[in-house]
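Participant: In case you want the letters, here they are:
Protein chains: 2
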Amino acid sequence: MTSTACIVPSPLEMAMEHLIDVFGQYSQKDQMKQTLNKQQLRKLMDEQLTTLMQHHNNQKAIDNVFKDLDFDGDGLVAFEEFLSLVAGLTKSCNDRLLIKEHKRLTSQTKQ
Amino acid sequence: MTSTACIVPSPLEMAMEHLIDVFGQYSQKDQMKQTLNKQQLRKLMDEQLTTLMQHHNNQKAIDNVFKDLDFDGDGLVAFEEFLSLVAGLTKSCNDRLLIKEHKRLTSQTKQ
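Protein chains in written order, with UniProt numbering: chain P, 1 to 111; chain L, 1 to 111.
Please keep in mind that the hints were generated in silico from the structure rather than gathered at the bench.
Mixed in with the good hints, there may be bad ones.
Same chains, same label: a pair holds when it works inside one copy or across any pair of copies.
What the hints assert, rightly or not - Straight line, CA to CA, 16 Å or less: simulated EDC-like cross-link-like pairs of lysine to aspartate or glutamate:
| # | residue 1 | residue 2 |
| --- | --- | --- |
| 1 | K33 | E101 |
| 2 | K103 | D30 |
| 3 | K38 | D68 |
| 4 | K33 | D95 |
| 5 | K91 | E17 |
| 6 | K29 | E101 |
| 7 | K38 | D72 |
| 8 | K91 | D21 |
| 9 | K33 | E81 |
Excised from the complex, chain P in its bound form (with noise of 0.2 Å):
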């Protein structure tokens, strides 16, 4: 029985195929060009980040996101578009965390 060794992703690689696999779910294939339109992206937010869409759920604040995205204006958002997108969310959940522990050790600070 030949050992198959089960090369454990790490948390990094993780988050990588996370990415690749949601924006696949999502996302239309023709030949080599992979995108989302406005309707598959509003999907992708709804269903994958739920707790950011309960405070932005309008349809507003979706088509200025979509705006944003579209860098070259075709209509559609590319990977490279979407993965700004996941950036600019996730620098802004650690900025959240960063102020809140800089808080926290100032406040413990002055007791």
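Got chain P sorted already, so can you dock chain L onto it with the hints?
Facilitator: The following block gives chain L in isolation, referenced to the frame of chain P:
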């Protein structure tokens, strides 16, 4: 017994959490600034990108990555600079998957 609604993060939210956690694990915090120096970036890449690093495991490659990432030239990699590394790597993985699938489909139609 109060039932705490257990919110299961979506795959995309998990990916975002992994990115924040991984950067937090290897970076240092100074007040509100969270950064990686070159040794920390090397450690992160060695431990979190093992598959990739098997093919690019030389100091010169790391130096080039660090130089490319350090947009503001402060000798440190900030979170958004790290996210651009992840975006670039994820895009090239996705491109390779698209090419593989395109070849598979074209060879099927020829049979």
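Participant: Hints first: check each against the structure and report whether it holds.
Facilitator: We went through each hint and held it up to the structure:
Taking identical chains as interchangeable, the C-alpha atoms of K33 and E101 lie at most 16 Å apart only when they sit on different chains, with a minimum of 12 Å there against 42 Å within one chain. In the homo-oligomer, the alpha carbons of K103 and D30 lie at most 16 Å apart only across protomers (14 Å), although the nearest pairing inside one protomer, at 49 Å, exceeds that limit. Only within a single protomer do K38 and D68 lie at most 16 Å apart by alpha-carbon distance; the minimum there is 12 Å, versus 33 Å between protomers. For the homomeric pair K33 and D95, the shortest alpha-carbon distance between copies (10 Å) is at most 16 Å, but the shortest distance inside one copy (33 Å) is not.
Within a single copy, K91 and E17 get their C-alpha atoms only as close as 19 Å, which misses the 16 Å cut-off; across copies the closest is 11 Å, which meets it. Only between protomers do K29 and E101 lie at most 16 Å apart by alpha-carbon distance; the minimum there is 11 Å, versus 42 Å within a single protomer. Proximity of K38 to D72 under the C-alpha cut-off of 16 Å is restricted to the intra-copy arrangement: shortest distance 15 Å within a copy versus 34 Å between copies. Taking the shortest alpha-carbon separations for K91 and D21, only the inter-copy value of 12 Å comes in at or below 16 Å, while the best intra-copy value is 21 Å.
In this assembly of identical chains, K33 and E81 lie within 16 Å of each other by CA distance solely inside one copy; the values are 13 Å within and 27 Å between copies.
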